[in-house]
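Peer 1: Residues per chain, in single letters:
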Amino acid sequence: MARKIVVTSGKGGVGKTTVCANLGVKLANLGFRVALIDADIGLNNLDVVMGIENKVMFDMSDVIKGRCRLKQALVQDFRYPTLYILPSAQLDINANISGKDIENIVETLSPYFDYILIDCPAGVDIGFHRAVFSANEALIVVTPHISSIRDADKVLSLLSNYPLHSKKLIVNRVRGDMILSGEIISIEKIMEILGLPIMGVIPDDDEISTLSTLGAFAYGTSGSRAFSILAENVHNGSKKIYDCTYKYRGLVGVIRRNIKRRV
Amino acid sequence: MYNIAKLGEIRLQNVLLKDKQQNPKVILNMLKSDLRNLLENYMEIATLNADIEIENGFYKLKVEANARQIKTIGTLKD
Ligand SMILES: Nc1ncnc2c1ncn2[C@@H]1O[C@H](COP(=O)(O)OP(=O)(O)OP(=O)(O)O)[C@@H](O)[C@H]1O
Ligand SMILES: [Mg+2]
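As they're listed, the protein sequences go chains A and B.
Mind the numbering: the first sequence is residues 1 to 263 in our numbering, read in order.
Mind the numbering: the second sequence is residues 264 to 341 in our numbering, read in order.
No lab work stands behind these hints, which were simulated from the structure alone.
Errors might be hidden in some of the hints.
As a list, the in silico DSSO-like pairs of lysine-lysine whose alpha-carbon atoms are at most 30 Å apart [as the list claims (entries may be wrong)]:
| id | chain 1 | residue 1 | chain 2 | residue 2 |
| --- | --- | --- | --- | --- |
| 1 | A | Lys-189 | B | Lys-281 |
| 2 | B | Lys-269 | A | Lys-168 |
| 3 | A | Lys-189 | A | Lys-154 |
| 4 | A | Lys-154 | B | Lys-334 |
The whole structure should be built from the sequences, with the hints applied where relevant.
Peer 2: Here you go:
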């Protein structure tokens, strides 16, 4: 049976889709069978981030409305044979998809996968509830900004209505230079305020956004290393934290910090 | 040194506090009614007051109930 993990945040644009895609890739890289479900109906992006948008023939609404079989809608990743993506409804945005519909899909997939990652839309309305409904674990993505943390707090109060056995935090877009200069709220403080254990820390890495435009992943970059650690933590419960500040320590680090400040 | 992170923390804690203050009003009456039903399984409640305060980012629930009688074990409902 698969672990069913929803990736959510409340606030838009904080990196849910990026986390889903990169975590999925890293788990598949470890040899696990992974299904990524795009539950962001109408504003779907997971297919584009994964670079498979041209391979999409059917989507979630086709499956739910019986216009195709689930197997036909799943798109296999071209880099990792154990990684599959279920695109969200693209045209049929008023398809009246319910949480129960997504749960049926998740339950059907569950025996064939180790991980099912559900990419949740922004906001706290029906789309959020639909995405959370079938999960039994949640990863809450925040950036170290007040508005993002505030929305995560609201999401947490909504998540308490669901029987999730694990809720953990991912702090995304962390700038090591700003941590060192005391300009952003620290990871420890975010954990303390939200009362959540941490699952991973992802640095702000220009290459993540550049490469995701190309439908590719950040190999060999700091983002890539941070996602590898995240995948390990997710899988074996380790508590390793990627150190976003290491690049900015020492003499070279100080030069880097000054350059970063000027751009 | 002028610490921006510290300033951010304080602002964050203030907005979270304001958000938290919105919730109890809605839920308190429901909670009181549920609590009364629950407690009445065990005792005859004369008065019940409940209040929610916020302390260090936590909701602190204060319940005060006065009961005339405590029910005898054996007469309790299943
Ligand atoms: N760690 C990072 N470093 C640099 N850029 C990032 C990082 N994480 C995400 N981004 C960029 O931020 C943008 C928003 O990311 P993403 O689409 O994953 O957010 P989202 O939470 O899924 O948004 P939405 O709420 O609209 O679904 C993208 O352009 C992405 O490439
Ligand atoms: Mg998204």
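Peer 1: For each hint, tell me whether it holds in the structure or not.
Peer 2: Hints, verified against the model:
1. For the hint linking Lys-189 of chain A to Lys-281 of chain B, the alpha-carbon distance of about 19 Å falls within 30 Å, and the restraint holds.
2. A distance of roughly 24 Å separates the Cα atoms of Lys-269 of chain B and Lys-168 of chain A; the hinted pair therefore holds under the 30 Å criterion.
3. Using a Cα cut-off of 30 Å, the hinted pair Lys-189 of chain A and Lys-154 of chain A holds, with the two alpha carbons roughly 17 Å apart.
4. Proposed proximity of Lys-154 of chain A and Lys-334 of chain B is contradicted: the alpha carbons are some 41 Å apart, above 30 Å.
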